[in-house]
Amino acid sequence: MTSIASLKIGQRAIIKDFSVEVVPLKLLEMGCLPGNEVTLIQAAPYSDPLYLTINGSHLAIRKEMASKIEIELING
Amino acid sequence: MAKQINVALIGNPNTGKTSVFNILTGLQQKVGNYPGITVEKKQGNCKLNRNLKAHIIDLPGTYSLNASSLDENVVIELLLNKNDKDYPDVAVVIADIENLKRNLLLFTQVKDLGIPSILVINMADRMKRKAITLDIEKLEKDLNTKIALVSCRKNIGFDKLKDLIINYKLLSKEACVNASVIAPEYFERLRKAFPNEDQYKLWLVITHDISFGKLDRNIIKGEVPFRTKSIGNLKRLKQKETIVRYQFINKVLKETLIIDKEQAKDLRAKLDRVLTHKVWGYVIFFSILFVIFQAIFDWSTYPMDFIDRSFSSLSEWLKNTLPSGQFTNLITEGVIPGLGGIVIFIPQIAFLFLFISILEESGYMSRVVFLMDRIMRRFGLSGKSVVPLVSGTACAIPAIMATRNIENWKERLITILVTPFTTCSARLPVYLIIIALVIPEGRVLGILSYQGLTLLGLYFLGFGSAILAAYTLDKYLHVKGKSFFVIEMPNYKLPMAKNVLITVLEKTKAFVFGAGKIILAISIILWVLASYGPGDFNNAEKIIQEQTVSQNLSQEEVDIKIASFKLEHSYIGIAGKAIEPAVRPLGYDWKIGIALISSFAAREVFVGTLATIYSVGNGDEETIKNRMAGEVNPVLGTPLFNMASGVSLLLFYAFAMQCMSTLAIVKRETNSWRWPLWQLISMTAVAYVVALAAYQLLK
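Which chain is which? The protein sequence lines are A and B, in order.
The first sequence: position 74 = 74 (our numbering), numbered continuously.
Position in the second sequence (first residue = 1) + 1000 = our numbering.
This is chain A alone, in the form it adopts within the complex (with noise of 0.2 Å):
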């Protein structure tokens, strides 16, 4: 599975899908939302956490949450 995880600093992507009982409502409410571009900015040492741009927002989440959010990369 494509995750935001496996993103690499500057790509763009498209969150696909992700299951309810691990993704928390604030993340949600944050813009991470299928449908919504997710663009990873900068990365800390070991890839953890990610600075991302989701839906305009910008923040900061850990690999684990990162890598349970399946993504669609968009070419280009």
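Rather than coming from a laboratory, the hints here were simulated on the basis of the structure.
Hints may contain errors.
Distance ranges between label pairs, derived from CB positions [claimed, not checked]: (1) A:Pro45 - B:Ala1269: 12 to 22 Å; (2) A:Pro45 - B:Val1291: 42 to 52 Å; (3) B:Pro1639 - A:Pro45: 41 to 51 Å; (4) B:Ile1447 - A:Arg12: 43 to 53 Å.
Below, in silico cross-link-like pairs of lysine to aspartate or glutamate (EDC-like), each with a Cα-Cα straight-line distance of 16 Å or less [said to hold, decoys possible]: (5) B:Lys1030 - B:Glu1040; (6) B:Lys1278 - A:Asp48; (7) A:Lys26 - B:Glu1407; (8) B:Lys1240 - A:Glu21; (9) B:Lys1047 - B:Asp1163; (10) B:Lys1254 - B:Asp1142; (11) B:Lys1240 - A:Asp17.
Since the structure is predicted, the reported quantities are computational estimates derived from the model, not experimental observations.
Backbone N, C-alpha and C fix where the C-beta goes; we use that ideal spot for every residue, glycine too.
We have chain A already, so just place chain B on it with the hints.
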């Protein structure tokens, strides 16, 4: 009399909500606590026109009306409770132009509760630089509200906002998103059962239980028997609601908001490339820490020396001016030295809060959280623990309150438990005076002073033991909790002087008055205990005269002997002698023992206590430091404060849990006596053992 209306300021964190509050209320604000909890309650007044006054409440920042922390819960409880005396006549929802999409989520929720709402779009002065154009008229129509574009930095748009508040009765109370579409049948049943209640309000009451816990107040008359859906089902509906809201917002913004990405100047990206860099990010962070500590160690010593001297001259002056008697003694020997012990903190507290509020306001603190998360997690902490640990160098109380945004309970608990190890400003006067007494002056290579290095070492010791304790707790503490972490990375902003100054002023005031009461009370009690005693105390003159009759001493020497005899036989002397066996192995005499015991109320009492004890019957205008330097160990005849006893004292204060206010706050935040008691016992035990070892090795 002017009519008064309630205005609630609501908004996401980092939208400049507090700046709006500061501008509307000026310095006419009051910071307190919500009853029974430690959430800060900020309120103030604003005169709108001759007939109308606004009572403004700055509610804690929240991303939505689904609470996940105590602070957020305050917002929901107020907005759901029409009987609350603060229930808003009008809600002012503050949004930031750059995060309009996300900020509108909260706006639609507030509006759906049927509260007249005004949308404030802040940082309008950035629109041009960010190449943003906004069709205000259309947005007002689509959201069915009134909008004020403001800029706190340039103080623009506030007349318009005040106008909108004055005319709050014209605002529409209609919902803008129909939440019932997520489960039409279910909402229909709710409507039938509670025809007089707002449906969205009912929905929030029902789902609040799963997201946070039972609502405290009796918000809706009668039971809500509609928990017919499983928790999983309700969670899915909550998610659906969020999606529906974003669909609405996206549609609205698509037609009103244009961002020309080509034209936008993105300073954030450039700064982030450096500030969150894998190497430079850390270099910069540690350099900033270094500057902060330099300010506390070095820059603040000048005002502190000045305060110390002023208080001893004040005491001396009062002694010579006021008619002599017990009352004058109480003032000059109890109250003034005690007060001096508080006031001397002000420069350091102010410096610390100055830096912390600049780091928070500028948006840099989030980058620190990002950089440190992985490292801190290795020790069972979170990146978000950095803020409490750094704030802990000012005071553990606000620091422990700052742990609330840590989502994972285990990480939060560990942060709460280890924060008191960091060197808080209450330890500072103790450290400073002991270092000045026992560490020689002089500099390494002519730059770094030995005394400064010792202080730096103590700060590292504080952080080090916090980290070590966290690591141990992480291994042995078994607490269930979801691992989850999300932090917003706000755009960089130049901190606004007004906001920073108000924060520094408020925090310093709160500290001085909070600690002040305790210190003052204790200094008065100590003075009384030191000035009265049973039995021999009252015959001191006679006993000493008899003892010294053959020694041919001058009157002055006899007076000193009388004074010290009196102190030894006063109530405090008796108590001190009783505990002396316990503290002698650490290198202390009974006077330090007393100071140690009274420090369990608050550490900073140490200096005040010694000041009180030493100034009783000791009239010259010496500073506390000189008096302490003159103390002699009764057994060895050497100066009481030497390297061995000094280091032992420093270590004792570094580890011991001596702060009643911190224990009280830990009890409140963890909702149990178990953790504060654990802190008190284990930290103090460590302190005793380490101090004992240090004294025995160095002696």
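**Request:** Mind checking the alpha carbons of Lys26 of chain A and Glu1407 of chain B for me, to see if they're no more than 16 Å apart?
**Result:** Within the cut-off at roughly 10 Å; holds.
**Item:** Distance restraint between Lys1254 of chain B and Asp1142 of chain B, which requires alpha-carbon spacing of 16 Å or less
**Value:** Holds. Lys1254 of chain B to Asp1142 of chain B sits at ~12 Å (cutoff 16 Å).
**Item:** Pair hint Lys1047 of chain B and Asp1163 of chain B, alpha-carbon separation not exceeding 16 Å
**Value:** holds, 12 Å
**Request:** Could you see if the CB distance from Pro45 of chain A to Ala1269 of chain B stays within 12 to 22 Å?
**Result:** Taking Cβ atoms as reference, Pro45 of chain A and Ala1269 of chain B lie about 20 Å apart, which means the hint holds.
**16 Å limit on alpha-carbon distance, applied to hinted pair Lys1030 of chain B and Glu1040 of chain B** = Judged against 16 Å, a Cα distance of about 10 Å means the pair holds.
**Message:** Hint check: Lys1240 of chain B vs Asp17 of chain A, CA-CA at most 16 Å. Holds or violated?
**Reply:** holds, 14 Å
**Asked** How does the Cβ-Cβ distance of Pro1639 of chain B and Pro45 of chain A compare with 41 to 51 Å: does it lie in that range?
**Response** holds, 50 Å
**Request:** For Ile1447 of chain B and Arg12 of chain A, compare the CB-CB distance with the range 43 to 53 Å and indicate the outcome.
**Result:** holds, 50 Å
**Request:** Sort out whether Asp48 of chain A lies within 16 Å of Lys1278 of chain B, counting only the CA atoms.
**Result:** Distance ~11 Å between Lys1278 of chain B and Asp48 of chain A Cα, so the pair holds.
**Prompt:** That 42 to 52 Å hint for Pro45 of chain A and Val1291 of chain B (C-beta), does it hold up?
**Reply:** violated, 24 Å
**Prompt:** Between Lys1240 of chain B and Glu21 of chain A, does the CA-CA distance stay at or below 16 Å?
**Reply:** holds, 14 Å
Figure legend: structure checked against the earlier numbered hints; the only hint not met is number 2.
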